[in-house]
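> For what it's worth, the numbering used here labels the leading residue of the sequence shown as 78, then goes sequentially.
Simulated from the structure, these hints should not be mistaken for laboratory data.
The reader is advised that the hints may include incorrect statements.
Simulated restraints on C-beta separations [claimed, not checked]:
#1 Val156 <-> Asp97: 25 to 35 Å
#2 Tyr145 <-> Phe122: 17 to 27 Å
#3 Arg148 <-> Pro98: 28 to 38 Å
#4 His84 <-> Leu132: 16 to 26 Å
#5 Pro81 <-> Glu125: 27 to 37 Å
#6 Phe134 <-> Arg157: 16 to 26 Å
#7 Ala92 <-> Asp129: 13 to 23 Å
#8 Ile154 <-> Pro103: 12 to 22 Å
#9 Asp104 <-> Pro81: 13 to 23 Å
#10 Ser151 <-> Phe122: 16 to 26 Å
#11 Ile130 <-> Ala92: 16 to 26 Å
#12 Arg95 <-> Glu126: 30 to 40 Å
Since the model is a prediction, treat every value here as computed from it, not as a measurement.
All C-beta atoms in this analysis are idealised placements derived from N, C-alpha and C, irrespective of residue type, glycine included.
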Amino acid sequence: MAEPIEHRIAGIIAATGRIDPALLTPDAALTDLGLDSVTLVETFFAIEEAFDITLPFDLGPEVLTFAYLCRLVSGRIAVRA
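Construct the entire structure; sequences and hints are all you get.
Pasting the structure below:
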């Protein structure tokens, strides 16, 4: 059985942002967890590669929560399928 998307995304964020995955609650804003703009770009690239999708880079970091990113990735995967 495949690992849930949320767990895969949490692992990528934790690795690129060097943060504890336990901090990734649904409403956690990624910038509040210490991810700066460079780290967010690195994280997006890693997610794109892992899921073979393209993400928009024009998102306002203040609205980019873990739950929103998971929904965005799930939506991109669904469109690709």
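> Determine for every hint whether it applies to the structure shown.
Here is how each hint holds up against the structure:
1. Val156 <-> Asp97: 25 to 35 Å: 32 Å, holds
2. Tyr145 <-> Phe122: 17 to 27 Å: 18 Å, holds
3. Arg148 <-> Pro98: 28 to 38 Å: 18 Å, violated
4. His84 <-> Leu132: 16 to 26 Å: Cβ of His84 to Cβ of Leu132: about 18 Å, so the range 16 to 26 Å holds.
5. Pro81 <-> Glu125: 27 to 37 Å: For Glu125 against Pro81, whose Cβ atoms are near 18 Å apart, the range 27 to 37 Å is violated.
6. Phe134 <-> Arg157: 16 to 26 Å: Since the Cβ atoms of Phe134 and Arg157 sit about 18 Å apart, the hinted range of 16 to 26 Å holds.
7. Ala92 <-> Asp129: 13 to 23 Å: Since the Cβ atoms of Ala92 and Asp129 sit about 18 Å apart, the hinted range of 13 to 23 Å holds.
8. Ile154 <-> Pro103: 12 to 22 Å: With a Cβ separation near 18 Å, Ile154 and Pro103 satisfy 12 to 22 Å, so the hint holds.
9. Asp104 <-> Pro81: 13 to 23 Å: 18 Å, holds
10. Ser151 <-> Phe122: 16 to 26 Å: 18 Å, holds
11. Ile130 <-> Ala92: 16 to 26 Å: The hint (16 to 26 Å, Cβ to Cβ) holds, given that Ile130 and Ala92 are roughly 18 Å apart.
12. Arg95 <-> Glu126: 30 to 40 Å: 18 Å, violated
Checked against the numbered hints above, the structure violates hints 3, 5, 12; every other hint is satisfied.
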